[in-house]
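In case you want the letters, here they are:
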Amino acid sequence: MRRPIFAVLLATVLTGTAHAQTLRIALREDPDILDPTLARTYVGRIAFAGLCDKLFDINEKLEIVPQLALSYEWTDPTNLVIKLRPGVVFHDGETLDAAAVKYSLERHLSMQGSFRRSEINVMDRVEVVDPLTVRVVLKTASSPFVSQLTDRAGMIVSPKAAEAAGKDFGLKPVCAGPFRFVERVPQDRIMLERFPGYWDAASIKLDRVVYLPIPDSSIRLANLQAGSIELSEQILPTDADAVRSNSRLRLVTSDNLGYLGITINLANGPRAKTPLGSDARVRQAFELSLDKAAIIQVVYNGLYTPVSQGLSPSSPYYAKAVQPRERDVARAKALLKEAGAALPVPVALTVPNNPDQRQAGEIVQAMAAEAGFDVKITASEYASALAAANRGEFEAFTTAWSGRVDPDGNLFSFMHSGGALNDSHYANPAVDALLDQARDVQDVAARRGLYGQVVEQLSKDLPIVYLHNPKNVVGMSARVAGFRPVPDGLIRLQGVELAK
Amino acid sequence: MRSHLGGRLLQVLPTVLLVSLLVFALQQLMPGDPAVVLAGEERGDPAVLAQIRSELWLDRSLPVQYFHWIGNLLRGDLGFSWRIRQPVASLVLTKLPVTLQLAAMAFGVALLIGVPAGILSAVKRNTAWDYAANLIGLAGLSTPNFWLGIMLILLVSVKLGWLPPSGYVPLTEDWRQSLATTVMPAFVLGNAIAAILMRHTRSAMLTALDQDFVRTARAKGLSEWVVVLRHAFRNALVPVVTLGALELGTLLSGAVLTEQVFSIPGFGKLVVDAVFNRDYPVVQGVVLVTACLYILLNLLADVLYVVINPRLRDA
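Residue numbers (our numbering), protein chains in the order written: chain W, 1 to 500; chain F, 1 to 315.
Worth flagging that the hints you see were computed from the coordinates, not collected in a lab. No residue lacks a Cβ here, since even glycine has one placed at the ideal position from N, Cα and C. One should not assume that every hint holds.
Among chain W residues calculated to face chain F with C-beta under 8 Å, some are [claimed, not checked]:
no.: 1; residue: L109
no.: 2; residue: Q112
no.: 3; residue: P215
no.: 4; residue: S217
no.: 5; residue: A383
no.: 6; residue: A387
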């Protein structure tokens, strides 16, 4: 009898019950500022999915669908006309109209400290055509532009609230999303409540949403198992079985837009002068020495997908002709011989100091050794590793990219000679020309052809040895109904409810 | 005594200044460029990096940056968090009650377990009580906090469902929920300190129990517990208070691992996140406030010595 009495006492005295329609979502880290213009973090985008609607959204098939906008039309390659949804109001009761859209887009472009600028800097100006129509005039043609408006650059903020708050807008954001801001305790919680004036109010079944940053994956899992949260936006693949085997929980996996790869330094400073950096055949041998499926099996519980390209298999632009390379140690050895590389070929591999990437690095080390590579691993804290990669102080560096809806976002910055994230300093005029051309073309089939050529060339040059395309692995209480997974991994709250 | 305390107070300002200089200098040695971290996936755009550096004064010389910070500090402005753009002072004020509550509860646990166990162990020297207390003490000392925390979560929260596994609710919002969320982390933290307190109390009590005044007290016919508690324990308290002040100071500086495991938004979690995100103003602010708390605690310990041992009043 003792234990039940104690349990009842503790439960009665110390714990209360959560609101019936309050959804508690665990995040892998605390988001940064909640201002769509200034925000940077991925988890921040998850909170924005409840707070701030965008002009457009994406669906499960990565198609662009209307949200605050009703439709768009390219009247010519640099003129985009957007029709807005009527009857939309912000959380402060102000009307969302063309003037508000113009204000927000210009704020994203020109506000000091804006992180949206580089996403939409092709924009020249925004014109108000009528209260529900805006014309966006671009400096040059840019087919990825509309896809930028499916993320934070497409979020529209209340001009009145933004003007009043200035740089402090993120402390109490006012948008036109399904939930409005209630409070934020840094590193503890972000609380939102249902906005009755939401344009699609019928799709919102929850009263409150609470985002709880819980960085430790095993503690996120424990919270889910104990019923202290209803949803965890990220479950480690190694914890997936624990969720699957629990009848009160549910595991939802879906395709992701990103990748994990090993960036090779080809021309970024003196550290590029290595056999791996100097000869594409050595890089091909390195890739052939790896059994990507085995790495995924060991480190990621077999959940991820091996790839040899930077585009997600779920993307309509995925190049089917470039299939993941199978391990072939004999061919790898032959390539090294052909390249005249002295064995063993030294490779200094930097890996971010987190358990899964370190483990993946160790398996790469063991596999590559069989083909004649001597991989030395340096585990580095992520911020330091990024700074070093930027300065060219690396030979090979394991990097993850969260991915973008448009293929341009996964390729241009990394592979164009003028790309902002081209740490490898890869430069191939043919690839540059194809990437530039793909920005000018609107037709999906034509763009697919261009990106196909890019991916094919990259699989020979190998400035990045792609390892896998991850999955979004979301754990939730079996009470959560109506959850719709989308490859960007964001938790959309439309249609989500808690069963009694 | 008064002059002694006055002297200690005079040392506060140079100590705080020295700490500020050390914090500022040491974090410059941290690898990684804050602008690159803050720029996130825009890190490749030199314009973005230049803009961040200019906005945060990172493009000025180190002395200029330091005196800018100190100048603001003297006006009561601790700066703002680069990451979430909240004023550091408000962040510190939000976290301070959390850390104080957790520290107080943990210290309470430590005192309740450690001191009686230490006394019992000394009084019942070389008996089963003594061995049991030593064994518990050794276990407390050798159990890593993060492991004990995870085990408790698995047992108490996941298996038995008695307490929430993590998170924090302020006392002012709901005291029951607040206790529910802090009782496990307080136990984990208190357990380790209890072990240290037990060992020190035992050793100080053993020394005190061998003193002449204890023998005299017994000869006067006082009961054994009066001898132990009123005479021996009071004399054994000075080293225990010193240790207690140091341990409490450590608790106030934030229990990094325990806060991380239980998702308690206190000083430890704040400063670790700030270090990883190169959020320098937050690191500087929290470390300075912690240093001030440490100094205050040491002053408090000085006062307590005198209260406990009147002979020190003339010292």
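For each hint, the structure was consulted:
1. L109: violated (13 Å)
2. Q112: holds (7 Å)
3. P215: holds (7 Å)
4. S217: Violated, about 12 Å.
5. A383: holds (4 Å)
6. A387: This interface hint holds because 5 Å falls under the 8 Å limit.
Taken one by one, the earlier hints fail for this structure at numbers 1, 4, listed in ascending order.
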